[in-house]
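> One point on numbering: in numbering that gives the first Met the number 0, the residue at position 132 of the sequence shown is 131, and numbering is uninterrupted.
Worth flagging that the hints you see were computed from the coordinates, not collected in a lab. Bear in mind the structure is a predicted one, so any value in this text is a computation, not a measurement. Wrong hints could be hidden among the right ones.
[Stated by the list, open to error] Simulated restraints, written as ranges between beta carbons of each label pair:
#	residue 1	residue 2	range
1	E177	R92	23 to 33 Å
2	A61	D248	42 to 52 Å
3	H122	Q44	43 to 53 Å
4	D199	T114	44 to 54 Å
5	D299	G139	25 to 35 Å
6	E132	D199	27 to 37 Å
7	D248	T281	39 to 49 Å
8	E177	T281	21 to 31 Å
9	G279	E177	17 to 27 Å
10	D224	E60	25 to 35 Å
All C-beta atoms, glycine included, are put in the ideal place defined by N, C-alpha and C.
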Amino acid sequence: MTSPPRLLLAALVAAPLALLSVPGCDNAAAGSVDDLLTDARIARQQGRHAEAVRLLEQAYEAAPENAAVRAELGVSYLDREEIGLAEINRLARFLTDPLADAAPSPSPTTNLGATCPYADDPHATPFDPTSIEDYIELVGHRDLIEQVLAILHEGPGGDVPPVIPEALRAIGLCEGIEDGQLVYDRDGALAEMRALGLSDDQITAVLAANAVARLYDAYFFLTEDVPQQTTWYRVENGETSYIGVCADDEEALRAQAEEAIRDFGEALASLDLRAHVLGGDTPSVELVQAVIEAYESIRDDLGPYCGE
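Please take these sequences and the hints and turn them into a complete structure.
Rendered as structure tokens:
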């Protein structure tokens, strides 16, 4: 027969367990998402990116409307695959620096020579836009990159605001850059992100993630999805170079590429706002200028016609 003291001990052990099992009990749910966020941050800081993703996926399932969860999950997905700001710098250099591509592969021979102004230009050299190092590996992450963009821009939908504000998307394709500076509502965009409860550290991290995701998503469209054959050239113009692109239907090419060029603009604005939050430290400003040069190097042939 069970003694009274042992019955009391069993009751004391069972009571908190029963309390935890009650649906809606504050003790069961209180702080769970915050705890997952904290544990995920620690895991990221220690380089355990797969664990950080697992924890953040749990948090996202529980609270998809939480801006911090969406921001950190997007960042962690890219961290896990080691896709970061170094990739942005590498792509920018590939597009603007002829020495960055040590062994360019010429584009396939096409029948565009009669209509392509670069075909007989002695300063133009055909090159393959997919010849950047590790291109195949990067393309293999395309679905993940699109998932990151969906989380940051769409989230759970409904009335939940996106993590990335619309102001970063509003850069004009023709008038978006004046005297080497971006034209957009910088202060308004930053205020929107802070209003979501994001810290400045979270803002700078998610802006970097959005920039790299947008930049490569746009580039993959131009190299993989444009629905007509194109030939790409690197054109030397004194001390600078730019990218020339030819197609059977140049007007259609500009229309097809417009969304990708706008994506480049959003990536630029994300980097610029990041530099602003960081206080304009030299490396972040230099990265913005490098991507501006890359953006301008392809915009002339792929963007809309812009009047003087």
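> Has the hinted range 44 to 54 Å been met by the Cβ atoms of D199 and T114?
Roughly 51 Å apart at Cβ, these two residues keep to the hinted range, so it holds.
> Could you say whether the range 42 to 52 Å given as a hint is met by the Cβ separation of A61 and D248?
Holds: the Cβ-Cβ distance is about 49 Å, inside 42 to 52 Å.
> Between the beta carbons of D248 and T281, is the distance compatible with 39 to 49 Å?
holds, 43 Å
> For the range 25 to 35 Å, tell me whether the beta carbons of D224 and E60 fit it or not.
holds, 31 Å
> Given the hint of 17 to 27 Å, check if G279 and E177 actually sit that far apart at their C-beta atoms.
holds, 18 Å
> Given a hinted range of 25 to 35 Å, is it respected by the beta-carbon distance of D299 and G139?
holds, 30 Å
> Quick check on a hinted range of 21 to 31 Å for E177 and T281, using CB atoms only.
For E177 and T281 the Cβ distance comes to about 22 Å; the hint holds.
> Just tell me: holds or violated, for the beta carbon distance of E132 and D199 against 27 to 37 Å?
holds, 33 Å
> In this structure, is the beta-carbon distance linking E177 and R92 contained in 23 to 33 Å?
For R92 against E177, whose Cβ atoms are near 24 Å apart, the range 23 to 33 Å holds.
> Evaluate the given range 43 to 53 Å for the C-beta pair formed by H122 and Q44.
holds, 49 Å
Checked against the numbered hints given earlier, this structure breaks none of them.
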